[in-house]
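Chains as they are written, first to last, in our numbering: chain A, 1 to 401; chain B, 1 to 54.
Hints are not guaranteed to be accurate.
[Claimed, not checked] In the BS3-like style, the derived pairs of lysine-lysine whose C-alpha atoms are separated by at most 25 Å in a straight line are:
1. B/Lys46 with A/Lys361
2. A/Lys209 with B/Lys3
3. A/Lys361 with A/Lys242
4. A/Lys213 with B/Lys46
5. B/Lys46 with A/Lys328
6. A/Lys252 with A/Lys242
7. A/Lys252 with A/Lys328
8. A/Lys47 with A/Lys59
9. A/Lys9 with A/Lys220
10. A/Lys243 with A/Lys393
The set of hints was computed from the structure by calculation and includes no laboratory data.
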Amino acid sequence: MTPHFKAQKVVDNIYWVGAIDWKLRDFHGYETQRGTTYNAYLIISDKIALIDTVKAAYKQELIQRISSVIDPQKIDYIISNHAETDHSGSLIDMIKLIKPEKVFATAKGVEALKAHYHHDEEITAVGEGDDLKLGSITLKFFETRMLHWPDSMVTYVPERELLFSQDAFGLHLATNERFEEDVPQWIVDFEAAKYYANILMPYSTLIPKTLDKLSTLPIKIFANDHGPIWRKNIGRIIELYKKWSAQPYTMKAVITYRTMWGSTEKMAMAIAEGLSEGGVSVKMMPLNSTHRSDIVTEVLDAGAFFVGSPTLNKNMFPAVADLLYYIKGLAPKNLIGDAFGSYGWADGVVEEIRGILSGMKVELVNDSPMSAKYVPDEKVLQDCFEMGKKTAKMLAAKISG
Amino acid sequence: MQKYECIPCGYIYDPEEGDPESGIEPGTPFEELPDDWTCPLCGVGKEDFEPVEE
Numbered sequence: 001m002t003p004h005f006k007a008q009k010v011v012d013n014i015y016w017v018g019a020i021d022w023k024l025r026d027f028h029g030y031e032t033q034r035g036t037t038y039n040a041y042l043i044i045s046d047k048i049a050l051i052d053t054v055k056a057a058y059k060q061e062l063i064q065r066i067s068s069v070i071d072p073q074k075i076d077y078i079i080s081n082h083a084e085t086d087h088s089g090s091l092i093d094m095i096k097l098i099k100p101e102k103v104f105a106t107a108k109g110v111e112a113l114k115a116h117y118h119h120d121e122e123i124t125a126v127g128e129g130d131d132l133k134l135g136s137i138t139l140k141f142f143e144t145r146m147l148h149w150p151d152s153m154v155t156y157v158p159e160r161e162l163l164f165s166q167d168a169f170g171l172h173l174a175t176n177e178r179f180e181e182d183v184p185q186w187i188v189d190f191e192a193a194k195y196y197a198n199i200l201m202p203y204s205t206l207i208p209k210t211l212d213k214l215s216t217l218p219i220k221i222f223a224n225d226h227g228p229i230w231r232k233n234i235g236r237i238i239e240l241y242k243k244w245s246a247q248p249y250t251m252k253a254v255i256t257y258r259t260m261w262g263s264t265e266k267m268a269m270a271i272a273e274g275l276s277e278g279g280v281s282v283k284m285m286p287l288n289s290t291h292r293s294d295i296v297t298e299v300l301d302a303g304a305f306f307v308g309s310p311t312l313n314k315n316m317f318p319a320v321a322d323l324l325y326y327i328k329g330l331a332p333k334n335l336i337g338d339a340f341g342s343y344g345w346a347d348g349v350v351e352e353i354r355g356i357l358s359g360m361k362v363e364l365v366n367d368s369p370m371s372a373k374y375v376p377d378e379k380v381l382q383d384c385f386e387m388g389k390k391t392a393k394m395l396a397a398k399i400s401g
Numbered sequence: 001m002q003k004y005e006c007i008p009c010g011y012i013y014d015p016e017e018g019d020p021e022s023g024i025e026p027g028t029p030f031e032e033l034p035d036d037w038t039c040p041l042c043g044v045g046k047e048d049f050e051p052v053e054e
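Isolated chain A (complex conformation):
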């Protein structure tokens, strides 16, 4: 069989041998509307190393791409930077096929892989700053715990000033362009932001420390584990990561809501008008037509966040609960906001949402809940409008102060 899946050269001695998943739309609850890639890399020196593998279903693609350069059985070492199954799903089968001299992961990686595959094959732990000499190429390992799993590490190649950055600087984007500069910037920036918001945001306090650590290394290439490789615009993605991890207050508000008979929607529109009058850019995201992962992406660079829910059988609308549960775990920072919504006979949902927002450290705009019995009258809508205006003032004060 002639392999039609080919390796693509990244720099001298280093090849991309990953897989393109054009059809993926659901990455554990994150809508990947442009698919993704699972990046694996082959390093050819006196010794030959494979960095990461691919999701199990794509193993043949990985093997064919490797085979377009060398016989896979010539691989001496496999490095597992991250134990999540989209990168380790083929690992044990590849170990069986290749019979490498050694397989490396962090100590936490050794544990995590064992807990996934319950295998007998030996995996050797490496620690912070350890070197692996392949000949003219050296691999240097750095732990990046909780970026974004306990086992996570990155692998640096000083001779090529290249960092195998694992999930950091990744984006879910299926493309046959291997380098970021060959993809339209607006798509790259959107998908990189979406990836950050949905995967890395909870660990934002760790990002500046990791960027500081990496800034001591000369780096020209981020060879990530998803999407195109960063080469020409490394500075841009570093600046974006600094901004996304700091999440400064901005004059942008996200309003998300579900409505039953249009009442909660009317309130959403009135808040939006008040925000507009105060000079705030509004992103209106109705939950009946917007995926939770897109809402979180918009919240990443917002300064205000409003959540509207009608009362359905004494409870908040299920889609609102879904969103709140999801976003609470992702822990966005530096937001002001509030809840709003209509009810028929049992009031209390808006207060419940305010409690959840407070728990997320969202600073509430109003002192009392913005709720309307059945259908909001002019007074309620005016109050909503005023809440929008008040939010604009609060944001302006935060930004200037």
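Given chain A's structure and the hints, the job is docking chain B onto it.
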């Protein structure tokens, strides 16, 4: 003061630093952390921490 390590993720609780983001003042010994305190990195409870040997 005794430092404690989170076994799942490796976070070190240093009593001298506390955990200001969760409202824990610097100087709070691990034993005095509230029962519902969780690892600021990965979210597990106090029972998953062990003393760091120095």
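Hint check:
1. With a C-alpha separation of about 22 Å, the suggested pairing of B/Lys46 with A/Lys361 holds against the 25 Å cut-off.
2. Between A/Lys209 and B/Lys3 the CA atoms are separated by roughly 20 Å; this keeps the pair inside 25 Å, and the hint holds.
3. A C-alpha spacing of about 21 Å is found between A/Lys361 and A/Lys242, which places the hinted pair at or below 25 Å, so the restraint holds.
4. As the CA atoms of A/Lys213 and B/Lys46 are separated by approximately 29 Å, the hinted pair breaks the 25 Å bound.
5. The suggested pairing of B/Lys46 with A/Lys328 holds, with an alpha-carbon distance near 21 Å, which does not exceed 25 Å.
6. For a cut-off of 25 Å, the pair hint linking A/Lys252 to A/Lys242 stands: about 19 Å separates their Cα positions.
7. Among the hinted pairs, A/Lys252 with A/Lys328 is consistent with the structure: their alpha-carbon atoms are about 20 Å apart, no more than 25 Å.
8. In summary, the hint linking A/Lys47 to A/Lys59 is supported, as the alpha carbons are separated by about 22 Å, within the 25 Å threshold.
9. Between the alpha carbons of A/Lys9 and A/Lys220 the distance comes to roughly 15 Å, so the proposed pair stays at or under 25 Å and holds.
10. For a cut-off of 25 Å, the pair hint linking A/Lys243 to A/Lys393 stands: about 23 Å separates their Cα positions.
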